[in-house]
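A.B. asks: Here is what each chain is made of, one letter per residue.
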Amino acid sequence: MANNIDEAPVKLTSKDFASGQDVRWCPGCGDYSILAQVQRSFPDIGIPKEKMVWVSGIGCSSRFPYYMNTYGFHTIHGRATAIATGVKVARPDLSVWVATGDGDLMSIGGNHFIHTCRKNVDLKILLFNNEIYGLTKGQYSPTSAKGLVTKTSPYGSVDYPFNPLSLALGAGATFVARTSDTDGKHMQEIIKRAAEHKGTAFVEILQNCVIFNDGVFDPITDKANKLDNMLMLKHGEPMLFGKDNKKGIKLDGFKPVVIDLNDSKNSINDVWVHDEKATGHARSFILAHLADDPTTPSPFGVIRQELKPTYDEGVERQIAHITEKKGAGNLEQLLFGGNTWEVN
Amino acid sequence: MAQETTRETLDLKEVTIRFAGDSGDGMQLTGSQFSDTTAIMGNDLGTLPDYPAEIRAPAGTLYGVSGFQIHFSSTDIHTPGDTPDVLVAMNPAALKKNISDLKRDGIIIVNTDSFDAKNLKLAGYAKNPLEDENALDGFKVFQVPITTLTSNALKDSGLSLKDINRSKNFFALGLMYWLYNRPLEPTLEWLISKFKSKPEILSANETVLKAGYFFGDTTEIFTNRYSVEPAKLKKGTYRNISGNEATAIGFVAASIKSGLPLFLGSYPITPATDILQFLASYKNFGVKTFQAEDEIAGITSAIGAAFAGSLAITTTSGPGVALKTEAIGLGVMTELPLVIVNVQRGGPSTGLPTKTEQADLLQAVYGRNGEAPIPVLAAATPSDCFYMAIEASRIAVKYMTPVMLLTDGYIGNGTEPWRVPHENEIADIPVKFRTEKEGFEPYSRDENLARPWVRPGTEGLEHRIGGLEKANITGNVNYDPSNHDLMVKLREQKIQNVKNDIPDLAVQGDAEGELLVLGWGGTYGAIKEAVDKATQKGYVVSQAHLKYLYPMPKNTKEVLSRFKKILVPEINLGQLAKLIRSEFLIEILQYNLVRGLPFRSSDIENQIVEILGGNNGK
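Line by line, the protein sequences are chains A and B. Residue numbers for the first sequence follow the working numbering, beginning at 44 and rising by one. Residue numbers for the second sequence follow the working numbering, beginning at -19 and rising by one.
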């Protein structure tokens, strides 16, 4: 039973979560995979669909709520996390999910995103990161690689990109994870973990845009590269990758280095063991930045999970506390409060 | 000492006092204490806090002067007074900045200790006006060494010189209490509640307050004392209230009367912040206040809360409305109930944050992309904010629409005595959430054209809404040309239906005639007083005040057509005048003064006299 939803689990199927609206993404878009994995994961999560709200901003990803047979709100550009915060604070009994893209969340919605993380509002944020503006037909985004040639950067973008994991960690998100549209099973696991987390859960999903940025993640995720370039993190296990898991990440002070276990100099005991709940943030940041380190594989899985009271719980607790202390509010007393005098 | 018995007490009908000093001198506190005590005395009153945007502007400067004006009387009054009878000037800058407003023959009480070379220079006085026979000619000047007398009173207190200096406003307050025959008790009680945990500050302030009072009593400077009898107000229980506090309490009342939990999403902005602060303290009413990261999150969190089934509010001032504009459009498209409060201030841009203005009317009515009609309401006085907050909430939930409530810095911060209504005198706000599955369509409409409101969590009614154009009835995304035309017209008609649900425009004075003065918002008091005075002088003039600006009451055109001339005074360049002309093709005489201050009633009265005296119009 996830979160604070009190009802007995209702066993639904993935079809129960399909709204029946025609899905209008481009053929081959990574968003189809995300929609399918979400619809497949939700029956296991056990949240009744009427208790679920999907909120989105603007962009290709933000059409997502229309395709989910839950409560849904397709809002305005960048504001999904702020609107979702209002939903969650008003109604902590609901399970509130945000579907968003790299432009929506990290450019126009950057401020709302960091403050949502800071407050630890109990929202599940799925970032569909395709490193491009798709709906406006191909302009560079805040996660696009430097040098990317697009319609608004015909000579190559001079911007440095955000590292979404690092941004979320820095802003204080209590659950930070990463998955890919190419690995449905892994995505389902991560979505379930996010659903179970209490607090701001941030999931970056590498999502291929077949039209404007096709193949951008191939060097990491395609069949030929994934063994060497995807580091699948598992809590409590050594960070191994490569064919037959013969390569590992060793932490040399603050520097992550790749070691070859076929080399007799190295042993499994040298390999960094993943701890999602590591004390302090230093190791989590090192992991997050493996994503932009060309000498290391890219991290996937739960980077960090931390448990602390959520904002919405805090609001409820304070109201309960003050109500207990002062007694339930009485309008007549409020009206006649302060200094009053009688005129006869 | 024996002087007291021989001193004559003069009975006055009304008095206007302005307290002025450095922004760190505590003039706002002094003024509000004097107001509260005066309210308890049973006088009618109006106040005007007038302070700089800088929290502690450099001491002694002209731009650092903070003022608080109170007008109190034994009769019904409606303004903070045009020209003060008394100026309490704590330093040369306060004297210089305010003296031109003072009535001829008016009383000036100055703190002589502050008239040193440095302060005189800062105020731009080449010569000390207290030593210049001509400078203060025509005024009754009372020179009091307030700083020295405060220090003397506290010489054994053990307080630092800085703390002692900070108490001097209580000396001035005590002196004014003596001069105008006010009791010390309300302020003494306030001090106890405020400084419970700081007994040395409490005791110092008590000492200084009393020292000021006794100074008046023992000194031979003052030959008279004054008293103002209680006003003959309608029977009831009264409290002194500001517009911002009334707005906050109004929303709590609306929450209770609708049975909806109250959610406020807001970002601090002068002069609206008080509403957020008041509501944040009402936690035991279940009020949820979300201090957002910015103005946009303020309104969008509220839209989320409205979707989730709350009475959703966002409070701000003009620049904040500019930032919220896109989200208001989302509220229009998704047809969710929401109240946006704009406590208007001087603009454009950052403008005059602490000063009042009425220049956001066209922004409220038209300031959105697309055809995005919303009801626009405006409160007329500080206590009217209470009723209009409830009314805005009622219209929002009944018509499933964002509603803009306009107040302004003057009525938001200004206070007046309010005859407090009992809980049972406030009407319920009926709200019905849709729960039946049978035949549910998100964009079906009731007899008022409002769509159903469904609380998430209701089984079987899962649905999606959003900012894209909706198909009529189903609410599915739809780009069909004729559907868009239909929806644009339905949304407009829904708002026009509000007309059937609001009071007619009432006329005070003759129902027809030569001249009607038509106002809206916080100018009510100044217009009322101007019309009353002109009437007393024999002019025939009527008044009407619009509290519903969009849509306007059904009878508006008919009322206006009964008068030969219509004068619209506004603290803008003629925004209501524009609306009236475009809506009704009626000729309007404008009176516009945009000084960041409320109208003086005499300015409006002069306009009335000019129009009726044969000088036709402006």
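In case anyone wonders, no lab produced these hints; they're calculated from the structure. Among the hints, a few may not be true.
[What the hints assert, rightly or not] Calculated lysine-lysine pairs in the DSBU-like style (CA-CA distance at most 30 Å, straight line): (1) B/Lys537 with B/Lys517; (2) A/Lys54 with B/Lys263; (3) B/Lys263 with A/Lys368.
[Unchecked claim] Selected chain B positions facing chain A (in silico; Cβ < 10 Å): (4) Thr17; (5) Met21; (6) Gly86; (7) Lys212; (8) Asn220; (9) Gly284; (10) Ala288; (11) Gly419; (12) Glu439; (13) Ile453; (14) Gln516.
All C-beta atoms in this analysis are idealised placements derived from N, C-alpha and C, irrespective of residue type, glycine included.
A.B. asks: Does each hint hold? Answer for all of them.
C.D. replies: Status of the hints after comparison with the structure:
1. B/Lys537 with B/Lys517: holds, 29 Å
2. A/Lys54 with B/Lys263: violated, 38 Å
3. B/Lys263 with A/Lys368: Roughly 11 Å between the alpha carbons, so the hint for B/Lys263 and A/Lys368 holds.
4. Thr17: OK, holds: B/Thr17 within 10 Å of chain A, min 9 Å.
5. Met21: This interface hint holds because 8 Å falls under the 10 Å limit.
6. Gly86: violated, 29 Å
7. Lys212: Since the shortest Cβ distance to chain A is 8 Å, the answer is holds.
8. Asn220: Because about 7 Å separates B/Asn220 from the closest Cβ in chain A, which is inside the 10 Å limit, the hint holds.
9. Gly284: This interface hint holds because 3 Å falls under the 10 Å limit.
10. Ala288: holds, 4 Å
11. Gly419: violated, 18 Å
12. Glu439: Nearest chain A Cβ about 5 Å off; hint holds.
13. Ile453: violated, 16 Å
14. Gln516: Since chain A brings no Cβ nearer than about 24 Å to B/Gln516, farther than 10 Å, the hint is violated.
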